[in-house]
Amino acid sequence: MSGDIRLPAADAAPTPLHDRARRFTAPEVVAGAAALFFVLAAVVPQWVAPGNPLGINPLSAFQPPSFAHGFGTDESGRDIYTRVVHGTGSSLLIGAAATAIGLGLGIVLGTLAGMFGPVVDFTVNRVLEVLFAFPGLLLALLFILVFGPGVITATIAVGLSTAPGYARIIRAQLIAVRRSAYVEAATVQGLGRTQILLRHILPNTLAPLFVLATLGVGQAIVWAATLSYLGLGAEPPTAEWGAMLSAGRTYITSAWWMSFFPGLFIVLIAVTATVLGRSLDRRLRHA
Amino acid sequence: MRSTPQTLAAIAGLVAVGLLATGCTTTPTETAVGDPISGGTFTYASGDAQPSCLDPHVGGNFPQALVSAQYLESLVSRDDNGAIIPWLAESWTTTDDGLVWDFTLQDDVTFTDGTPLNASAVQANVAHVLDPNTASSTGYLALGKVASTEAVSDTVVRFELTEPDSALLESLSQPWLAIQSPTGLERSKDENCEAPVGTGPFIVDSWVKQNAITLVRNDDYNSPPADAAHEGPAYLETIVWRFIPESATRYAALQSGEVDLIDNAQPDTIVQAEASDTLVHLDSPRPGASNRIELNGGKAPFDDVLVREAFIRSANVDDAVTSLFQGTATRSYAALGSREPLAVGRDDLFDYDPDAANALLDEAGWSERDSEGYRVKNGERLNVQFPVSTNQSIPAEQSIFEQIQATAKQTGFEVSLAPLDISSWYGALGANEYDAVSAPYTKAGPDVLRVLYHSDGIVPAPSGYFANLAQVSDPEIDALLTEAAQISDETERAALYADAQNRLLEGFHLLPLYDQQNHFLLQADVQGMRTLPSVSVPTLYDTWLNR
Chain X
1 MSGDIRLPAA DAAPTPLHDR ARRFTAPEVV AGAAALFFVL AAVVPQWVAP GNPLGINPLS
61 AFQPPSFAHG FGTDESGRDI YTRVVHGTGS SLLIGAAATA IGLGLGIVLG TLAGMFGPVV
121 DFTVNRVLEV LFAFPGLLLA LLFILVFGPG VITATIAVGL STAPGYARII RAQLIAVRRS
181 AYVEAATVQG LGRTQILLRH ILPNTLAPLF VLATLGVGQA IVWAATLSYL GLGAEPPTAE
241 WGAMLSAGRT YITSAWWMSF FPGLFIVLIA VTATVLGRSL DRRLRHA
Chain G
1 MRSTPQTLAA IAGLVAVGLL ATGCTTTPTE TAVGDPISGG TFTYASGDAQ PSCLDPHVGG
61 NFPQALVSAQ YLESLVSRDD NGAIIPWLAE SWTTTDDGLV WDFTLQDDVT FTDGTPLNAS
121 AVQANVAHVL DPNTASSTGY LALGKVASTE AVSDTVVRFE LTEPDSALLE SLSQPWLAIQ
181 SPTGLERSKD ENCEAPVGTG PFIVDSWVKQ NAITLVRNDD YNSPPADAAH EGPAYLETIV
241 WRFIPESATR YAALQSGEVD LIDNAQPDTI VQAEASDTLV HLDSPRPGAS NRIELNGGKA
301 PFDDVLVREA FIRSANVDDA VTSLFQGTAT RSYAALGSRE PLAVGRDDLF DYDPDAANAL
361 LDEAGWSERD SEGYRVKNGE RLNVQFPVST NQSIPAEQSI FEQIQATAKQ TGFEVSLAPL
421 DISSWYGALG ANEYDAVSAP YTKAGPDVLR VLYHSDGIVP APSGYFANLA QVSDPEIDAL
481 LTEAAQISDE TERAALYADA QNRLLEGFHL LPLYDQQNHF LLQADVQGMR TLPSVSVPTL
541 YDTWLNR
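Here the protein sequences come in this chain order: X and G. Per UniProt numbering, the first sequence starts with residue 1, numbered consecutively. Per UniProt numbering, the second sequence starts with residue 1, numbered consecutively.
Hints listed in this document are in silico derivations from the structure and should not be mistaken for laboratory results. None of the values given here were measured: they were computed from a predicted structure. Even for Gly, the Cβ is constructed at its ideal location relative to N, Cα and C. Any given hint could be a false lead.
Restraint ranges, calculated between C-beta atoms of paired labels, are given here [to be verified]: (1) Pro27/X with Glu433/G: 47 to 55 Å; (2) Pro135/X with Lys299/G: 39 to 47 Å; (3) Leu145/X with Ser91/G: 51 to 59 Å; (4) Pro64/X with Ser423/G: 34 to 42 Å; (5) Pro64/X with Asn383/G: 32 to 40 Å; (6) Phe132/X with Ala127/G: 50 to 58 Å; (7) Gly257/G with Val146/X: 41 to 49 Å; (8) Ser91/G with Phe147/X: 54 to 62 Å; (9) Phe466/G with Gly104/X: 41 to 49 Å.
Given these sequences and hints, build the entire structure.
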């Protein structure tokens, strides 16, 4: 009927914000399940994929996905599903360690800039600007160039290259918190500077960092895989996603599964981390 | 969030890689091959590194040889049977003591800058290769016994040697000793590197770094090697020489018709191409040494022949070659490639036999195993450091090393593979930080054995590189190789090389894999494409496009 304007029923009160935030959305549920799978695969890979990720069988190389080999086999006849699952642990570890390094460094630099007066602030900011001038991955590449390739250097490199971003955010957060009424109240009460920093400012600054860290893990895993893909991270025959993707690249016209499945897992873990990070963000904001 | 767009971009990139579909093939057009058609542009896509200098006297590696064979020519060449045939030199004579060689040059050849080819031009080239400022390595080594040169007449050039060199002609057939215009050589090194001037069928026209080298036809060309299919100028008008290092991209460019030929073709694409009607496979293994893994006998654990044999018996090479090369490479049991008539293969020495390997290791004192299953002796784990040059070993080869690592582990060897870029790789070798290594080395003829296995080759060159990476130091092998390099009687020479090879193989100094692979894929309408048998580089002189 024309002119019939639908209005919300008078008795359907709008859902309160905190309720909407508390309810799990479908993507969150899926991401949660995926995260559970990844954690299981990282902690007890032999439960999820009982085979040997390094076990070669040259005469059954290049087999497409089948019942025997769900994700197919690679050029040495290794089972790709087993390798992908066993690669989860190192990927997650690299992601978490790199994020921890980036965050740790970011907290130190951000705190220096945000808390210790204009001279320190100016200096740290200029350093950060120099670091920002290099794209993150380039900074990581520079670091590897100097210290040589390998899993540990790749992890540190990724951590270092994410640090400037964290430092900026922490500094901004610190300055905002420092000027808040409760810090002013604490100052008026005569609390010392260290006490204010530790008991009031840092706790209120760090909460949003959990969100950043979750998002950061996804990014760090992608970057670490990128470095391995370029041959600068994990060494053969380690079951590492980026290295597997790189090995599969050669055979992409004849054995697509060799690069598809490691690539899929990188995408899935990055998406999972992003969805969880966003969800955490939403919850914290409305808490 | 600052990080999100970057993450998504990275994800998108990875998805794109994952979804890259196989290219489609076009319907073949069957055309009877008629008379050669002149004209057209030919696009060559190389998977080798782009040379930093187009003059193969400078340094002297395979990528330089590939491209320079189109615009530079040598004094002699080899035919398909390995025999020496005339090229810029139409004949040659040597004295009975083998110390003086006279080469008579073709008398009507000019370089593409108008300079005539004569005896003094050849002298200028020898001087250029021996000049320390040129920094020649391959060409320099090949001229090691040349004491002086002399212009006997305008067309006769004399080489005087310090000792007889039965490999001189083979050395001179190589692109690293190609003859360039003396006028061109007088320019600065940078200028000559940009556009060397030769007598060849094509001329370097321009070089856009990291992109392509453009070569144009030499319309006055009159000096083909004795085994060429035609005379006069080349058929092709222009050659665009591109560099596409990524093998899948290179093959895709060939499938789409964007390029006419690719080198360094991977086994799986060769199999695909052979099944198609639009592509043709040209297999031209390199002469000289086979592709092999050298075991460093200069230090533990491979200073013990028992451990060397145990390692060789632990490596399941046959299955690896079958699975990875899919029929495109044949297992080798020799230090020399199958193109070398004097190669000696010993298939009785290199079989995969883990039981024998275990017994040998027990005998050598590596009888205990640690918790991870690796053998230990006096608290030391049986570790093999294996640096791999990612620039020089194709992916299938790197996978073979991984398979050897896996099979050798069953016997108790811990093989540490370290993929390195070329300068770090040279660094590791120079510092003697390796136990096993696969190092390509191309030199025409069996004299390559002297470069690779004579004890003189353990002494590092000023650059730090040494060619005897197995660090074989055996007076008997030294004597055999030195004598073989001096003797002119073919039968005696063959017998000496056979003795040297048998002794080398029985000492388990190396693990032969297969010939140095050299596969080309080309469009089916490319006619008259072949490689020069000297070092198996392609020549596009007889090539024409049937389209």
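Hint check:
At roughly 51 Å, the beta carbons of Pro27/X and Glu433/G sit within the given window of 47 to 55 Å. Distance hint check: the CB atoms of Pro135/X and Lys299/G are about 43 Å apart, consistent with the given range 39 to 47 Å. At about 54 Å, the CB distance of Leu145/X to Ser91/G agrees with the hint of 51 to 59 Å. Between Pro64/X and Ser423/G the beta carbons are some 39 Å apart, a value that agrees with the proposed interval 34 to 42 Å.
Evaluation of the 32 to 40 Å hint for Pro64/X and Asn383/G yields a pass: the beta carbon distance comes to about 37 Å. For the pair Phe132/X and Ala127/G, the beta carbons lie near 55 Å from each other, so the given range of 50 to 58 Å is met. Under the hint 41 to 49 Å, the C-beta atoms of Gly257/G and Val146/X, about 44 Å apart, fit the expected range. One distance hint, 54 to 62 Å for the beta-carbon pair Ser91/G and Phe147/X, holds here, with the actual separation near 60 Å.
In this structure the supplied range 41 to 49 Å holds for Phe466/G paired with Gly104/X, their Cβ-Cβ distance being about 46 Å.
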